[in-house]
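**Q** Listed below are the residues making up each chain.
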Amino acid sequence: MTQQESTMTPIVPRFVVDTPPFMHRGYTIASMMRDKIIALVPAAAMAIYMYGIPAARVMALSAGTAVLAEYLWDKILGRKDRLYDLTSLTIGLLFAFLLPAGAPWWLVITGSAFSVILGRQVFGGLGCNPLCPALVGWAAMTVAWPMFMDPMAMTLQTTLVEPLQKIKFFGYASLPEGSELSLFLGQQLGGLGSSQVAAVLLGGLYMCVRKAVRWEIPVAFLASVLLVGGIFWYLAPQIGLNPATTPPPHLYLLTGSTMFAAFFLATDPSSSPVALGGICIYGLLAGSLLVLIRIFGIYLDSAPFAILLASLVTPMCDLVRAAPYGRRK
Amino acid sequence: MDKRFNLSPDGRHPITVLDKVSLVRLPLGEHVQLPTIKKRQRVAGGTLLAQHSSPNVGDMHAPFDGVIKDVTATFIEVEYEALPEPQPPATAEPAEGEAPKAAKAPEKPVEPVSPVSFAGLDAIALGQTLKTLGISIRPFTRPCDLFIINCINPEPGMLYTQELLASYLPVVEAGLAMIQRLNSAPRFVLALPSGSNVTLEGASAYHVPAVYPISLARPLIRAITGNEDTSRVTLVRLHAVFQLGLVAMTGLPLTHTVTTAFGQNFYLPLGTPVSTLLEITGNTPDPGDSVILGGPMRGVAISGLRRGVRKEDDAMAIVKQGSMPDLEDNPCINCGACVAVCPMRLRPNMLSRYAEFHQYEACRKEFIETCIECGMCGYVCPCCRPMQQHFRMAKNHLGLHTFQHVLRQSR
Ligand code: SF4
Ligand code: SF4
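Top line first, the protein sequences correspond to chains D and G. Final position of the first sequence in our numbering is 329; the numbers increase by one with none missing. Final position of the second sequence in our numbering is 411; the numbers increase by one with none missing.
With a Cα cut of at most 16 Å, we get these calculated EDC-like pairs of lysine to aspartate or glutamate:
| hint | chain 1 | residue 1 | chain 2 | residue 2 |
| --- | --- | --- | --- | --- |
| 1 | D | Lys329 | G | Glu228 |
| 2 | D | Lys80 | G | Glu328 |
| 3 | G | Lys320 | D | Asp18 |
| 4 | D | Lys80 | G | Asp329 |
| 5 | G | Lys20 | G | Asp65 |
| 6 | D | Lys211 | G | Asp2 |
| 7 | D | Lys329 | G | Asp229 |
| 8 | D | Lys166 | D | Glu177 |
If the Cβ cut is set under 8 Å, some of the chain G residues that face chain D in the computed set are:
| hint | residue |
| --- | --- |
| 9 | Pro156 |
| 10 | Thr230 |
| 11 | Ile292 |
| 12 | Gln321 |
| 13 | Leu327 |
| 14 | Cys383 |
| 15 | Gln389 |
Hints are computed from structural coordinates only; laboratory data are not their basis. We put the beta carbon where it would ideally sit given N, CA and C, even for glycine.
Produce the complete structure using the sequences and hints provided.
**A** The following block contains the structure:
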């Protein structure tokens, strides 16, 4: 019978019947994350150059913990893990970049696991996070152990300056002469990767070119920082601010993690708006918050908080949309 | 933009005339075969085989002289066989009453189909005649202020439009002349890829950069008219005008078409099986590949190679396994890539999410009926989400026509 059947059934190849399109740009989540990781390399190299092995240790620990946390979470819940698309590795690295090089191991592990699990997995995993996961971990750690998250306290015996503190308490004139260039090159105390302004900018531009992120977001955010910072700088005497502690706008970009936030945190796809109108509002909001917190707030580096708060209104920003074809008034 | 979206490929791609096809399989679709059509019956090329109930959709004819090999619910199979030489009337036949008649009955001579004259017909009668000759006349008769003939290859990988304009211009001219009898539009425009120097009497040329999705109706109308009101604009593809031209020139039913099959252009009988074209072009799909009818952005994957070419099939191609990332049931990460490319300014991210979670009414609020299923969103989605699948499902639930319905009805 089987003999008969096999002779009766012609051998036909089995084709895949899928839905169109049958072409793809070829750029997947894994490619996107690979590009993000490549973009992080210059800043990571600079961090190791500046802080040595401790910086490498924090990055490795954080990345490893993030991957393990995702794996275990999916295992426990019986879900198929998606480690192959490198998203948790990216979250771990981003979190590490915000830490001081001397962060204790337990802080790194807790924060990194927190970022992945509370920042993303509890909301349903990939694509479901309402906030940038690394920032959730960062915020939790900052609130829980502010001492250990403070680069000033965690990096002893250094010649580096903490520019934000100088600006806030001694006025921007107290920064050494010609310090813009050294700030740009990362000669400042801050998160181990996030304060490498030039290296971060390089990586950020790479991501924009590769379309790993929407270039409109960093542009909108940085332009807003310059704009709002400029307004305050210009108006400081009139509105009763101390002109000495109200820096000129470009110093906002060169200090703290502003640049890092613009390219790596604000661009987290799930927690940022999709269309141009929304992106402009989001950028303006995050930029204003950054300047306001730096001038009036108690936190020195306000960039992460600014992004975190702006992400909360992302759903509102997404309500701004272009009228579809044929419906323009 | 992506080089793959260039619709105006360089070089010549001559149209090979396939006259040695010996077996065709005509897919019936919504056509109903004539009760008189039986297995083993002899037919002449152009014999009416099946009719469509809509006055707008063309009927179906035998592409060449032959014998009906098979008639099923889904297709009619015709095998080529030259018509027997008309026998001289049997004069030497003895007048023996029944005997000659019985011998003659199975060999009832098959008359070749004779051409129809279009002279003196008014638009309505002309439309009715053309329908019986296999032309779907609706797009041609639609009242409008502007009539556009889209001479841009509809999708990437298609190569035939520039060849039709280069080698078959008289046919296209005849098609245009016929349209002008059917349609009283005050303006006729040829939409050509930039760089083309084709001109046609009776229509002004308009050049656009030939980059997908400009070749689709609504983006092209926007490019030409500068606004998005499509109610008084009719757009037809060059492919359809060419078919109309074939009928207009000969007065015979539509039996042949042009298609870009596996990278080459062919002029072939309707119903030519995909397998025949694979053989001719020397292609063999491997298990795991997809064979698609139509273009790579909006085409249909077929499950068997016996399928015959329909009037609207202007291309077919093999998609190799692994040439693109597999579609996956991934969540949307809200990256916005699809929003940036959608030519209809929709939000495919929201549309596909609503459809995914069966929120069909929300899809309607997101203007799903505006989606032209161009495939751009699926092309860029880094999560490889099955976008069109979601949209078609939602449209079906909402009772909206999908691209496939529209295609079927407009032909
Ligand atoms: S298929 Fe996608 S890109 Fe094309 S019109 Fe529809 S939603 Fe827009
Ligand atoms: S391209 Fe895909 S992942 Fe990105 S927003 Fe659109 S549907 Fe979501």
